[in-house]
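All chains should be built: construct the whole structure from the sequences, respecting the hints.
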Amino acid sequence: MFYLRYLWAELTRRWSKTLTVTFGLAMASAIIIVIISVSQSLSTAQDKVLNPLQNVGTDIIVTRSVDAENMAAIDETSRNDMMEDNSIGMNLAELGDPGEAFSKDNFMPGSMLTFDAAEMDNLNPTLVKEAAAGLIMTVMHQEGTVPDITVDITTGGETFEVNEDIEPMTDGERAAQDAARTKAEAELKERGVDPRSHEGMEYMRDAMDAAMPERFRQKSMTFVAPSRTYRQEVGPIETNISTGNLTVAGVDTTKTDIGLILPGQVTSGAWFSGADQVIANKAYADKKSYALGGTIELGGKALTLVGIVEPQLYTNTADLYLPLADLQSMSGKADRINIILVKSTNAQSVEETSTALEDAFVGAKATDSNDTAKEVTGSLVNAANLTNRFIGVTSIIVIAAAFIIVSLLTVFSVNKRIREIGTLKAIGWSNTRIVRQVVAENIVLGVFGAVCGIGLAVGAIALMNHYDISLTATVANASTDSPFGFARRMFGGETDASNSTTTTVQLTVASTYLTMLLGSLVAIVGSFVAGTLAALKASKMKPQEALRNLE
Amino acid sequence: MPIIKAKNLSKRYQQGNKTINAVDGVNLEVEKGDLLAVIGPSGSGKSTLLMLIGGLDRPTSGEIEINGVNIAKISDAKLTNIRRNTMGYVFQNFNLIPTLTAAQNVEAVIAKRTSHDRKRVMAVLQQLSLDQRAHHLPSLLSGGEQQRVAIARALINEPDIILADEPTGNLDSKTGEDIIRILADLKTKHGKTVVIITHSEYVKKFATKVVEIRDGKITPTR
Ligand SMILES: Nc1ncnc2c1ncn2[C@@H]1O[C@H](COP(=O)(O)OP(=O)(O)OP(=O)(O)O)[C@@H](O)[C@H]1O
Ligand SMILES: [Mg+2]
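Chains as they are written, first to last, in this note's numbering: chain S, 187 to 737; chain P, 138 to 359.
Simulated from the structure, these hints should not be mistaken for laboratory data.
Reference listing, derived: stretches of chain S covered by chain P, where coverage requires no fewer than 3 residues with Cβ under 8 Å from a Cβ of chain P:
(1) 192-205
(2) 610-618
(3) 726-735
One-sided excerpt, in silico: chain P residues whose CB lies under 10 Å from chain S:
(4) S184
(5) T238
(6) Q241
(7) V246
(8) A248
Note that the Cβ used here is the ideal one computed from N, Cα and C, for glycine as well.
As structure tokens, then:
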């Protein structure tokens, strides 16, 4: 076939033109493929973060959170229950004897109030397709040595001796004493009383006492104070108690497609399969250097770490995950839950279901993807917003620009050959034959360009993925609330600003076949259309004009 | 019947508000087997006249008959056929397709190739002493060789008329004379009708007819 040989000759013998055009077309399609792929990957990443609910098969999360408004709506009894739930009674004296080591975990539901699991029955089956219960609690872990909390002060019991130096009797005083005795003896004799009898001795003593100088009349005595012990509480306790907060979630293990975490999110190890098992959040396990198969002490139990999970429900993450029943019994919250994940029967009726849920659960808040999206900020959101805007307007501009580049290159390369086309006409080539020749050549160039463009794009994407581009999204975390945050909210304050989770999302750019097709179509269609138009125009030229063309 | 007959043939170009009468009321008859030499100063309209005769351009007015057919009015497709089957063109700057070899340049003219064609191509090239150059690209050939390839290309379809526009213009005088002799041979040995635009006096030795053009008009010569 002459025309194939001619085509081949044109491409290979004008190789610098072929390369230039191919490269130009390749760049144009690669830019389209890369830009669209990056935008798509960004919006996928954004969806994962902005709508974390979908990651766990959920449309709506039902919680009852503590804020002034909600609290007002709840009746007195429940409110007291909730207050009770969230208070830690720590009686140091119960921990053990002073000096003994202790370790204690206090479980608190934080800002998400617990309610009876039976409330799940309120879910309207026409609106709710599936639901999973959960219990997310903040654990305040305390350990140390039981401190001496009292001081015993014992008073009394001492023997007091009072000794006084008394002036010795003067001669006069002694004489008065003698005189008094003599007088008393004489008086006794007169009365006929024996001075050695009891009565006589008393009489004698009284008489002598009376004659005794005043200072001798004071008694010399000894006494013992009664012993009394005072127990006094001492001021601030100086102890070695260390406290730490962590969040523990009870997972509804009866469900595998809806829940705080799902079996599919376990990145290493396994899902719950028996008693006393725990699954750890990867971030927490890394921080604590926990290893699979190791033991984690929680609530006085030794749990085996069976799995590491990367939870996808960013708004309600926990550090450790237990089967719901285990956490309920460990925390003394039998049959109580504080989060319900709901899958709506109908994707269109999510809002309706939300409202119905809020009505059915007094003081409850139904959170859907629109609400979670609002809680997220960070570079990912910025980048994705940028690309969303980008996809809207700029991608059209880019595609148009690529199309123009392709067309200009094609028209340019066809125009280079106007004179040659004139020659072909002079030697009797029909317009059809000329157009077919030129168009075939441009289709081949377009295909070359498309193939190289896909290659370039795949390379560029691989390079991007090689240099880990990570974007962050900051999510205000509702569950890992500190008691202080709780208290603050009780008084209607703001959420603890520092209490948020920053999720780093690795941007993995993936290109779909559709994107590659679109990118290659721009090169192929562009060079085909522009090539055809340019060839038609050139073939319509009079040979005279074509031959005079100076190019 | 003259093979070429121009009647009051005119071609005007409009350049701004200026009208250029490139060819102005030319009457001309060329008999089969003639060798017509067209001479004249630059810009006098020689090339324009040749284009009109060869069906590469259409006149503004007047008629141009080839073998009794007025090609001024026929369809593009018919004109293409006439160009392919009746005319052979030789240009001053050869106008070879640079990406095709000598043989391919000649072959390009053949619309429906048969197994026989390759032999014909080689025969024509051999006739012009180009058999050693058949598979060279134009850029590797000398000017004279390139012009001979162009002549081979003009001959492959065995046309009645060979039109040459200053075929020696880009060649040295010795090579130019070789080319003129080849073209003259086409007339004498093969009975072709040859029209040559030239400044070369050498052509006049072979010409059966010489016309001079000035400002688009034929002025009578000897
Ligand atoms: N396409 C065109 N548009 C406008 N003017 C043209 C065109 N073609 C030719 N002319 C003009 O027509 C006149 C005749 O041109 P032509 O090329 O026929 O002259 P020529 O005798 O062949 O000259 P040369 O010896 O330099 O080749 C010139 O003035 C030229 O500028
Ligand atoms: Mg000329």
